[in-house]
Amino acid sequence: MFGLPLLTIVSVGGTVLIILIALIFWGLNFKESPA
Amino acid sequence: MIDPVAAGLVAIYCIAMLAIGVWASRKIQNISDYVVAGRSLDFWVFTMLMIGAVCSGMSLLGVSGLGFKYAWPTIWEQIAVPLSISFCIIFFGVKMWTVAKKSGYITVQDYLAQRYESQQTLRGLSAVSGIVVSMIYLAGQYTAISIVLMWLFGLPHWLALLIGAAIVTAYTVIGGLYAVAWASLVQGIILIVGVIIMAPIVIMAAGGFTNINEVMASVNPTNVDPWVTGAGAVFTPTYIFSFFLLLTIGLACAPHVINNILCVKDVKYFKWTPLIAFVVYGAVMFLLKFAGFAGIVLVKDGMITLPQVKNASDFIFVYGVQAALPSIALWGIFAVIVLAAVMSTTDRLMLTIGTYFAWDIYKKILKPDADDKKVLFVNKISVVMAAVVTLLLAINPPDMLVWLIWAGIGIMFATFAVPLLAGLYWRRATRQGAMAAMGLGLAASLFFGGLSYFKIDLFPMAFHFSFYAFVISVIAMIAVSYLTPPHDEKVLDETLTGWYIQKS
Chain A
1 MFGLPLLTIV SVGGTVLIIL IALIFWGLNF KESPA
Chain B
1 MIDPVAAGLV AIYCIAMLAI GVWASRKIQN ISDYVVAGRS LDFWVFTMLM IGAVCSGMSL
61 LGVSGLGFKY AWPTIWEQIA VPLSISFCII FFGVKMWTVA KKSGYITVQD YLAQRYESQQ
121 TLRGLSAVSG IVVSMIYLAG QYTAISIVLM WLFGLPHWLA LLIGAAIVTA YTVIGGLYAV
181 AWASLVQGII LIVGVIIMAP IVIMAAGGFT NINEVMASVN PTNVDPWVTG AGAVFTPTYI
241 FSFFLLLTIG LACAPHVINN ILCVKDVKYF KWTPLIAFVV YGAVMFLLKF AGFAGIVLVK
301 DGMITLPQVK NASDFIFVYG VQAALPSIAL WGIFAVIVLA AVMSTTDRLM LTIGTYFAWD
361 IYKKILKPDA DDKKVLFVNK ISVVMAAVVT LLLAINPPDM LVWLIWAGIG IMFATFAVPL
421 LAGLYWRRAT RQGAMAAMGL GLAASLFFGG LSYFKIDLFP MAFHFSFYAF VISVIAMIAV
481 SYLTPPHDEK VLDETLTGWY IQKS
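Protein sequences appear in the order of chains A and B. Using my numbering, the first residue of the first sequence is number 1, and each one after it goes up by one. Using my numbering, the first residue of the second sequence is number 1, and each one after it goes up by one.
Keep in mind that the hints are not guaranteed to be accurate.
Mimicking BS3-like on lysine-lysine, the simulated pairs with C-alpha atoms at most 25 angstroms apart in a straight line are [to be verified]:
#, chain 1, residue 1, chain 2, residue 2
1, B, K265, B, K373
2, B, K271, B, K101
3, B, K268, B, K102
4, B, K503, A, K31
5, B, K380, A, K31
6, B, K69, B, K455
7, B, K455, B, K268
8, B, K27, B, K102
9, B, K380, B, K265
10, A, K31, B, K265
11, B, K268, A, K31
12, B, K503, B, K101
13, B, K455, A, K31
14, B, K101, A, K31
If you are wondering where the hints come from, they were derived from the structure by calculation, not from laboratory data.
Chain B on its own, in the form it takes in the complex (with noise of 0.2 angstroms):
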């Protein structure tokens, strides 16, 4: 039976999502105002609007998850992620938004075409493989939701899926941006008071801090190393290397993150973000991280029992804060925190995916004449086309999208990572050298991850698979740039090309 007030607290927290949205609306004029709310989020918004598009639901119970299957080894990840925002400010932001602020971009295929002089070829081989790769993304997150309405409602797995993806889709389709970051600032603070509250109550029933790593060193010493080396070992330092590689720049160059740059208000914003966002998200994701060790306490001490599924694991934190908690209303309000994890992603990346097909194929490709109004109602139906694919996909998941979705960050750090580095900091970078390194590196993760997830020993992978597809993108950046001719300095000085980060 569903408990009345837990349904309550999550009926409140969707209906106040959906209000977020008919507001938003209200301040939306033109496509710019959809896709960056007009370039007019303060510092609170967008730092919570960057935590809130790193955060997905997903790693809220992934986190915990691994924790609690690798144990202390895998803690790296907890500083890569947060980490990846201050990245993408940093290296991405500062040059990106004064660019786009003076050229008037709206995604960064916008910078893309205008720094490699291409505007159709790679602005639409860029945004095809943002789609691609954002869609699958979202049909991962959707798993999240899934998880949540069926543990906590008994709700069948298509219809927890239907109800989730019918409320983000609404307030993104209505309100653009302005919704999806007001509804991250809102999420945002659920989530991190949220795990704040919740993560030590876990830790606390598992003995506290100190208990649990000497419970986790006597079931297996390697258990509280910093990493592992020998046979069969997984988190050795070379794959650690590469894996903090991976979350650090992949994330920061994923579609649904780096966009959010160019919707800042004010450029001194950049000045303490990458701090206050490393310093906030961090210590949720630390305490996530312990909540999945105190899942391996729990365990052993028959406090829990995960139930018989492939992805148990992911299970640990929503069985820990059960074990802990005696209230089921108090589980309503963890299932709040993680929809609220799940959404704050999710909308950011129906948006992405939205408007890339409505600005920069449709818009910049297509139908170059199209007037405002139009390339708006393209892009709110292409969000709900978005949202309906994922949901079809995530519904019965076919094996090569589990597996595509477990590969998405390694996708996003071998395609563009690369080109939008190169493009910034490099003046030789050129046209060619970019499509070389999109298109093979795409190709390279692809092929790699292949043989990572299946487990063919074509050779002994001793990195993370995204590793060998990004040195792969690396070499096809620099040969192709060197063998082809190099871009106007008049562009490469609009762009503000070169190696600085700032302009002295």
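With the rest of the complex left out, here is chain A (with noise of 0.2 angstroms):
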């Protein structure tokens, strides 16, 4: 796909969606009066 490896489509794409993933994570868990 798109003249790239599946291992490149893999990593590149995994790592982005992980971190994707626990941001939107942190947001929705955040407390807006911490100590």
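Make one complex out of these two single chains by using the hints.
Next comes the structure, spelled out in structure tokens:
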């Protein structure tokens, strides 16, 4: 796909996806009034 | 001959920046207004300030340049750099903002001084290190200004530097962080919109994304791999791992980035800024890298010929735009985009240097009885001095400076990351440990950076040089902290020290 090896798509795409999920998780669980 | 439309566009941009400086100057009543904008930045101004601080001119040109030189194995840079903003907010920002608001911090040194109970020694060491590293980084930024103005207007190097520096200095001196932040908002919009329009044009001129990858693979199959292995390979998995850490954590704790945390109006902005900054800046970074890949095709097809200079790859985006766009007036827009990227970092660096000197050294160490007005004056003078000194260095950079600019982020990573992270999250971390971590981290980064840059083969370096210095800094922090008495529990509670980000 896109002239790229599967390894490149999976490793780069997978890393971006994991980070996005982690940052969404952070946003959803952020408490607005810390100590 | 200078194209009047291109010159007009650049002139309008520069006048707009000066107008922001004049407008911002009216809001400044005291040193807090000047340095942290009275802790009044709202969501988008703060988000753009963070993006602007991280997105330097050399990263704009250098990202494409690195992609052109080493292809897909460099793609991790596009993830790590935007992630540094998220890292800074999540791991430093939430906790530090809360303590800063309560204790009235205006620099990160205020935090270090309270946490490590060292109002002079650690504050001074950190401030001096921050000033030196920021000045080196600043001198590097001027190179990008020069590249653009020399290319577009054929100006001599010294004149290009002088014009760029004069404008940034003017609005930074008069408007302080209000000017820097609002200028960053404008610059950020210009940068994002500009790259989203310009980069695809360059990519299409090279036959589109898929064609670029196919051509790159035909030149060298490893060009489209996520990493490379074997003798002589640079972007190996171990190197990429350390490069990722360096960019994510090193930029997050860079003085001109982390201090922005203290300017935010409300902690609730930290909820979604990490995601939005990552997505927005990530998109810009990926497009810039793909434009660098397109350069490989454009050079192969003979559509562009790079200049015969040492840093020729840094010109790839500039020359790619020139080949893809027919109008000189559009080049003017491109010049404004690059200038916006350069200035958004340059202004923040200058203000950081000025503040570190005026607040942390002059007010807190040399003249504790100096009043607000005097400190503000010293701050402004320091910004001008920072501009003059770095300009002189950048006009004819000595070889040592070229090396230091290259090593800049690595030095920040090895010097500041451990004292900050240990200070926030480890109650056993002590003043002596922090000083050892900072001092040895700095010394080790200079040593290993020297080995790497001058290709001195003392031992095979599988990781980026800064990683070795970082490890030494960690070891120094742990060993020295355990050998020295812990801090008072009351101080640790006041500074929210502990193994948590937010106290539940």
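Structure-based check of each hint:
1. With a C-alpha separation of about 24 angstroms, the suggested pairing of B:K265 with B:K373 holds against the 25 angstroms cut-off.
2. Of the pairs offered as hints, the one joining B:K271 and B:K101 holds, with about 18 angstroms between alpha carbons and a cut-off of 25 angstroms not exceeded.
3. Our distance criterion of 25 angstroms between C-alpha atoms is met by B:K268 and B:K102, whose separation comes to about 16 angstroms.
4. Restraint check: the Cα-Cα separation between B:K503 and A:K31 comes to about 10 angstroms, which is no more than 25 angstroms; the hinted pair holds.
5. The straight-line distance between the Cα atoms of B:K380 and A:K31 is roughly 38 angstroms, outside the 25 angstroms bound, and the hint therefore fails.
6. Note on B:K69 and B:K455: the hinted pairing holds, with a Cα-Cα distance of about 19 angstroms set against a maximum of 25 angstroms.
7. Note on B:K455 and B:K268: the hinted pairing is violated, with a Cα-Cα distance of about 47 angstroms set against a maximum of 25 angstroms.
8. Of the pairs offered as hints, the one joining B:K27 and B:K102 holds, with about 23 angstroms between alpha carbons and a cut-off of 25 angstroms not exceeded.
9. Under the criterion of a C-alpha separation no larger than 25 angstroms, the hint pairing B:K380 with B:K265 is consistent with the structure, at around 24 angstroms.
10. For the proposed pair A:K31 and B:K265, the alpha carbon gap of about 16 angstroms is at most 25 angstroms, so the pair holds.
11. At most 25 angstroms may separate the alpha-carbon atoms for a hinted pair to count; B:K268 and A:K31 meet this at roughly 8 angstroms.
12. A C-alpha spacing of about 16 angstroms is found between B:K503 and B:K101, which places the hinted pair at or below 25 angstroms, so the restraint holds.
13. For the given pair, B:K455 sits about 49 angstroms from A:K31 by alpha-carbon distance, which is inconsistent with the 25 angstroms threshold.
14. As the CA atoms of B:K101 and A:K31 are separated by approximately 17 angstroms, the hinted pair is consistent with the 25 angstroms bound.
Checked against the numbered hints above, the structure violates hints 5, 7 and 13; every other hint is satisfied.
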